[in-house]
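Undergrad: Put together the whole structure using the sequences plus the hints.
Number of protein chains: 2
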Amino acid sequence: MPRKVEPRLLKGFRDYLPEVMIPRTRLLRAIAGVFERFGFEPLDTPTIEYADILLAKAGPEQEKLIYRFKDHGERDVALRYELTISLARVLAQYSTDLPRPFKRYQMGPVWRADAPGKGRYREFWQCDVDIVGTPSLLADAECLAVDHAVMMEAQKLRPADEPRTHVIRFNNRKLFRALQEKAGITDDAIMADVIRAIDKLDKIGKEGAFRELAAHAGLNKTNLGVIATFLNTMIDVSMGNQVRLDLVGAYLGSEIGKLACQEIATVLKHATEMGVPSERLKFDPTIARGLDYYTGTVFETFLTDAMDYGSVMSGGRYDGLVGVFANQDEPAVGISVGIDRLITVLDEKGILKKSKSSAQVLVTIFDASSAESALKLAQTLRAAGINAELYLDKDAKLKKQLAYAQRKEIPWVVIAGPDETARGEVTLRDMKTGQQQPAKVDGLATTIQGRV
Amino acid sequence: MPRKVEPRLLKGFRDYLPEVMIPRTRLLRAIAGVFERFGFEPLDTPTIEYADILLAKAGPEQEKLIYRFKDHGERDVALRYELTISLARVLAQYSTDLPRPFKRYQMGPVWRADAPGKGRYREFWQCDVDIVGTPSLLADAECLAVDHAVMMEAQKLRPADEPRTHVIRFNNRKLFRALQEKAGITDDAIMADVIRAIDKLDKIGKEGAFRELAAHAGLNKTNLGVIATFLNTMIDVSMGNQVRLDLVGAYLGSEIGKLACQEIATVLKHATEMGVPSERLKFDPTIARGLDYYTGTVFETFLTDAMDYGSVMSGGRYDGLVGVFANQDEPAVGISVGIDRLITVLDEKGILKKSKSSAQVLVTIFDASSAESALKLAQTLRAAGINAELYLDKDAKLKKQLAYAQRKEIPWVVIAGPDETARGEVTLRDMKTGQQQPAKVDGLATTIQGRV
Numbered sequence: 231m232p233r234k235v236e237p238r239l240l241k242g243f244r245d246y247l248p249e250v251m252i253p254r255t256r257l258l259r260a261i262a263g264v265f266e267r268f269g270f271e272p273l274d275t276p277t278i279e280y281a282d283i284l285l286a287k288a289g290p291e292q293e294k295l296i297y298r299f300k301d302h303g304e305r306d307v308a309l310r311y312e313l314t315i316s317l318a319r320v321l322a323q324y325s326t327d328l329p330r331p332f333k334r335y336q337m338g339p340v341w342r343a344d345a346p347g348k349g350r351y352r353e354f355w356q357c358d359v360d361i362v363g364t365p366s367l368l369a370d371a372e373c374l375a376v377d378h379a380v381m382m383e384a385q386k387l388r389p390a391d392e393p394r395t396h397v398i399r400f401n402n403r404k405l406f407r408a409l410q411e412k413a414g415i416t417d418d419a420i421m422a423d424v425i426r427a428i429d430k431l432d433k434i435g436k437e438g439a440f441r442e443l444a445a446h447a448g449l450n451k452t453n454l455g456v457i458a459t460f461l462n463t464m465i466d467v468s469m470g471n472q473v474r475l476d477l478v479g480a481y482l483g484s485e486i487g488k489l490a491c492q493e494i495a496t497v498l499k500h501a502t503e504m505g506v507p508s509e510r511l512k513f514d515p516t517i518a519r520g521l522d523y524y525t526g527t528v529f530e531t532f533l534t535d536a537m538d539y540g541s542v543m544s545g546g547r548y549d550g551l552v553g554v555f556a557n558q559d560e561p562a563v564g565i566s567v568g569i570d571r572l573i574t575v576l577d578e579k580g581i582l583k584k585s586k587s588s589a590q591v592l593v594t595i596f597d598a599s600s601a602e603s604a605l606k607l608a609q610t611l612r613a614a615g616i617n618a619e620l621y622l623d624k625d626a627k628l629k630k631q632l633a634y635a636q637r638k639e640i641p642w643v644v645i646a647g648p649d650e651t652a653r654g655e656v657t658l659r660d661m662k663t664g665q666q667q668p669a670k671v672d673g674l675a676t677t678i679q680g681r682v
Numbered sequence: 231m232p233r234k235v236e237p238r239l240l241k242g243f244r245d246y247l248p249e250v251m252i253p254r255t256r257l258l259r260a261i262a263g264v265f266e267r268f269g270f271e272p273l274d275t276p277t278i279e280y281a282d283i284l285l286a287k288a289g290p291e292q293e294k295l296i297y298r299f300k301d302h303g304e305r306d307v308a309l310r311y312e313l314t315i316s317l318a319r320v321l322a323q324y325s326t327d328l329p330r331p332f333k334r335y336q337m338g339p340v341w342r343a344d345a346p347g348k349g350r351y352r353e354f355w356q357c358d359v360d361i362v363g364t365p366s367l368l369a370d371a372e373c374l375a376v377d378h379a380v381m382m383e384a385q386k387l388r389p390a391d392e393p394r395t396h397v398i399r400f401n402n403r404k405l406f407r408a409l410q411e412k413a414g415i416t417d418d419a420i421m422a423d424v425i426r427a428i429d430k431l432d433k434i435g436k437e438g439a440f441r442e443l444a445a446h447a448g449l450n451k452t453n454l455g456v457i458a459t460f461l462n463t464m465i466d467v468s469m470g471n472q473v474r475l476d477l478v479g480a481y482l483g484s485e486i487g488k489l490a491c492q493e494i495a496t497v498l499k500h501a502t503e504m505g506v507p508s509e510r511l512k513f514d515p516t517i518a519r520g521l522d523y524y525t526g527t528v529f530e531t532f533l534t535d536a537m538d539y540g541s542v543m544s545g546g547r548y549d550g551l552v553g554v555f556a557n558q559d560e561p562a563v564g565i566s567v568g569i570d571r572l573i574t575v576l577d578e579k580g581i582l583k584k585s586k587s588s589a590q591v592l593v594t595i596f597d598a599s600s601a602e603s604a605l606k607l608a609q610t611l612r613a614a615g616i617n618a619e620l621y622l623d624k625d626a627k628l629k630k631q632l633a634y635a636q637r638k639e640i641p642w643v644v645i646a647g648p649d650e651t652a653r654g655e656v657t658l659r660d661m662k663t664g665q666q667q668p669a670k671v672d673g674l675a676t677t678i679q680g681r682v
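Chains A and B, in that order, are what the protein sequence lines are.
Residue 682, in this note's numbering, is where the first sequence stops; the numbers in between run on with no holes.
Residue 682, in this note's numbering, is where the second sequence stops; the numbers in between run on with no holes.
These are computed hints drawn from the structure, not numbers from a lab.
Among these hints, one or two may not hold up.
A pair holds if it fits inside one copy or across any two, identical chains being indistinguishable in the list.
What the hints assert, rightly or not - In silico lysine-lysine, DSSO-like type, Cα no more than 30 Å apart, as pairs: (1) Lys-499 <-> Lys-630; (2) Lys-294 <-> Lys-433; (3) Lys-234 <-> Lys-294; (4) Lys-241 <-> Lys-300; (5) Lys-287 <-> Lys-300; (6) Lys-606 <-> Lys-386; (7) Lys-294 <-> Lys-386; (8) Lys-499 <-> Lys-627; (9) Lys-606 <-> Lys-499; (10) Lys-241 <-> Lys-294; (11) Lys-430 <-> Lys-583; (12) Lys-488 <-> Lys-451; (13) Lys-412 <-> Lys-430; (14) Lys-499 <-> Lys-629; (15) Lys-287 <-> Lys-436; (16) Lys-386 <-> Lys-348; (17) Lys-287 <-> Lys-241.
TA: See below:
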């Protein structure tokens with residue numbers, strides 16, 4: 231007998247036990263349902279690809295974190311780091327086979343050899359939608375509408391009298407180009423530092439951001455003055471979107487500034503026409519979302535009663551990425567749901583539908599002689615679409631069977647003794663209250679459906 | 231500008247484009263629904279584990295095919311080769327946190343560096359259910375009932391007048407122990423060769439199997455005589471299950487032979503009580519399913535009009551595996567759905583529900599001035615639960631929009647010109663026939679639902 235191997239997990243990796251997996255699976259299915267309601271199609275790509283494909287757009291930071299190895303044929307391969315690069319490959323590889331706009335969603339694991347920490351894993355799921363092939367701002371607006379619909383779906387367990395509390399903060403990356411022009415910053419690398427500081431406003435505050443910028447060797451007084459005015463006058467959240475937009479437009483003035491404001495106004499208008507209540511949409515000139523990737527609309531989504539958790543869903547327009555494998559670029563706009571963080575927030579707010587069990591009812595076996603009727607009963611319930619678990623031991627005491635239902639938190643239990651069965655009845659036990667009532671076998675499925 | 235990376239896939243890996251992914255996703259969801267109807271809970275485990283965990287029960291064949299590498303911390307890790315070994319780890323690691331029987335399903339990718347070929351991939355999905363912790367034959371019967379229910383679900387597109395055509399061929403591994411005893415084969419390794427030959431009967435025929443056995447140096451005339459009688463008298467498929475079972479029991483005689491026949495009869499009885507029509511269950515003494523793994527019930531599932539594709543779902547009882555990481559064994563029985571092969575067979579039989587699009591309707595934009603009403607219309611349809619795609623360009627000609635619907639095979643198109651909109655109407659176009667009809671905006675969702 232060889233020594234036993236110790237059962238253990240790699241750091242940064244997780245088991246999803248049923249009580250975690252049940253709400254997770256339900257939420258992922260509901261989100262996929264939202265995506266499909268907007269006409270997005272599912273796509274899946276391999277988890278392992280040639281390393282040069284996966285690294286085609288990666289920076290040194292990403293390259294360091296990618297799981298890369300030689301396969302059995304000594305090929306240089308890697309595990310995918312995110313999903314968008316494979317989307318770009320698919321669009322180049324099957325270009326003419328795919329309609330434009332190409333609207334797809336993809337959900338699946340990605341891997342990063344990051345330092346594991348609170349909420350940070352080495353294997354986690356990404357959950358993306360993208361619209362490729364149209365520059366139309368209707369696509370940007372649709373992303374905001376999808377974002378809102380996902381948030382509504384995710385919060386549907388909030389009590390009816392409690393308001394849905396999410397807000398989508400959005401901006402347009404062209405605004406930063408206008409700001410750069412107005413501030414007279416000629417070096418793009420310096421502007422990148424400015425954007426990075428503004429992007430951190432949420433964390434370090436206006437004063438912190440200023441301090442960081444004032445200490446920057448590449449910024450002069452004129453540069454800093456424009457940035458200060460911009461931040462001081464534009465980030466007052468009590469202003470309405472239109473007031474702020476007018477203010478920003480008037481201050482920045484330039485062609486690119488006007489274009490940015492026009493785009494923001496158009497996206498805002500279409501998103502509300504698509505049913506997003508205007509109070510859910512907050513134009514926020516401090517939203518930047520990374521540095522190189524995005525070219526137009528950018529947005530982040532927060533639960534207003536859990537702002538400190540950070541954004542649970544984000545995205546934007548990126549018109550330069552998809553072309554990395556093709557002969558020409560294609561305009562694209564997309565969203566990524568931060569599914570782990572979303573689940574954590576919903577859970578801590580008490581609005582994640584939890585359950586230890588898929589079964590709505592446990593069919594017990596009263597004794598060996600009544601096993602046959604219990605088996606048939608379970609089958610009848612399943613045929614009616616009820617998730618009905620059968621207790622799988624015909625010699626177990628009823629007490630043990632009830633304890634099993636209790637442990638798995640199955641809400642109803644059916645008990646069918648020989649006397650009741652002879653009368654065409656069963657006993658239906660409510661596991662929450664312990665109350666038992668007789669119920670007719672005919673129509674039992676309907677009775678249970680009415681109570682579940 | 232760096233040279234473009236050529237978009238390409240590793241051999242043995244696949245992209246699932248939407249027209250492949252849509253039916254696949256639907257089928258996987260439907261199968262998960264069947265599993266949940268029987269009270270199985272979802273479980274997920276990491277794709278990467280310590281190599282010694284994943285290899286704890288692997289033979290040299292498996293070890294050769296596993297993707298194994300050093301991670302960033304120089305740990306010896308691997309990609310999972312199958313799902314059962316991780317289930318065994320989970321049961322040892324969280325033993326007291328999990329109820330018994332523990333019923334779980336798991337669906338996800340596994341990796342094998344096998345030679346790619348027709349229907350053989352290096353990354354493919356497994357789709358498993360297992361019941362751990364009970365020796366009750368009710369659990370074996372439940373696996374057959376789940377198997378049958380999955381096959382019914384998978385074939386639900388067969389025309390009403392066409393019979394469902396699957397058959398579950400099942401056996402019990404104890405029968406081979408009885409045969410070994412009767413034939414007087416004392417060496418287990420030689421018996422393993424006998425079982426291997428019998429298991430190939432489907433492919434090489436009775437004569438082929440005999441030839442192989444007759445040439446075996448370790449088998450004498452007495453051994454061969456018993457095996458010949460067993461095969462000659464027992465594999466006539468025209469016999470009913472009970473007749474054959476009586477025959478086998480009478481011939482093998484021994485304690486273990488009686489036990490095997492008793493188990494087979496009990497499983498058969500319970501499975502029919504659980505609603506599996508008896509003509510779907512074929513007791514077949516040649517079914518072996520590998521060599522070491524299984525200890526009792528074993529079964530394979532075929533579409534009778536596609537026998538040559540091989541088994542699409544299989545499983546059995548394996549009472550010695552789960553304990554590999556724990557201090558004691560636990561009885562277990564399970565099923566694995568061969569999802570790729572099942573999809574291939576359904577597709578070739580024309581009973582896979584195919585679709586290039588999730589959307590049931592495309593809402594077109596008549597012109598820029600009517601965009602707002604189109605956006606609102608799309609929103610109304612989605613709120614009513616209809617998958618409604620909006621055409622994302624308000625300046626596109628109607629012809630182009632219809633061509634898009636055609637290409638994506640979206641069945642219905644809504645056209646809302648200004649005159650119709652003023653009357654509270656739209657035009658509903660059936661993309662299959664090209665017929666157009668006016669429809670009221672009020673109740674449009676109901677009208678479309680009635681036609682989809």
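Undergrad: Confirm or reject each hint.
TA: Status of each hint after checking the structure:
1. Lys-499 <-> Lys-630: For Lys-499 and Lys-630, the Cα distance is within 30 Å only across copies (25 Å; inside one copy 61 Å).
2. Lys-294 <-> Lys-433: within (26 Å within a copy, 50 Å between copies)
3. Lys-234 <-> Lys-294: Answer is between: at 22 Å across copies they meet the 30 Å cutoff, but 35 Å inside does not.
4. Lys-241 <-> Lys-300: For Lys-241 and Lys-300, both the intra-copy (22 Å) and inter-copy (14 Å) Cα distances are at most 30 Å.
5. Lys-287 <-> Lys-300: Intra 21 Å, inter 24 Å, cutoff 30 Å: intra and inter.
6. Lys-606 <-> Lys-386: between (36 Å within a copy, 22 Å between copies)
7. Lys-294 <-> Lys-386: For Lys-294 and Lys-386, neither the intra-copy (40 Å) nor the inter-copy (49 Å) Cα distance is at most 30 Å.
8. Lys-499 <-> Lys-627: between (65 Å within a copy, 23 Å between copies)
9. Lys-606 <-> Lys-499: between (58 Å within a copy, 12 Å between copies)
10. Lys-241 <-> Lys-294: Both: 18 Å inside a chain and 26 Å across chains, each within 30 Å.
11. Lys-430 <-> Lys-583: neither (33 Å within a copy, 49 Å between copies)
12. Lys-488 <-> Lys-451: The answer is within: 25 Å in one copy meets 30 Å, while 96 Å across copies does not.
13. Lys-412 <-> Lys-430: For Lys-412 and Lys-430, only the intra-copy Cα distance (21 Å) is at most 30 Å; the inter-copy one is 79 Å.
14. Lys-499 <-> Lys-629: Classified as between; 26 Å across copies, 62 Å inside a copy.
15. Lys-287 <-> Lys-436: neither (32 Å within a copy, 59 Å between copies)
16. Lys-386 <-> Lys-348: within (26 Å within a copy, 46 Å between copies)
17. Lys-287 <-> Lys-241: both (28 Å within a copy, 23 Å between copies)
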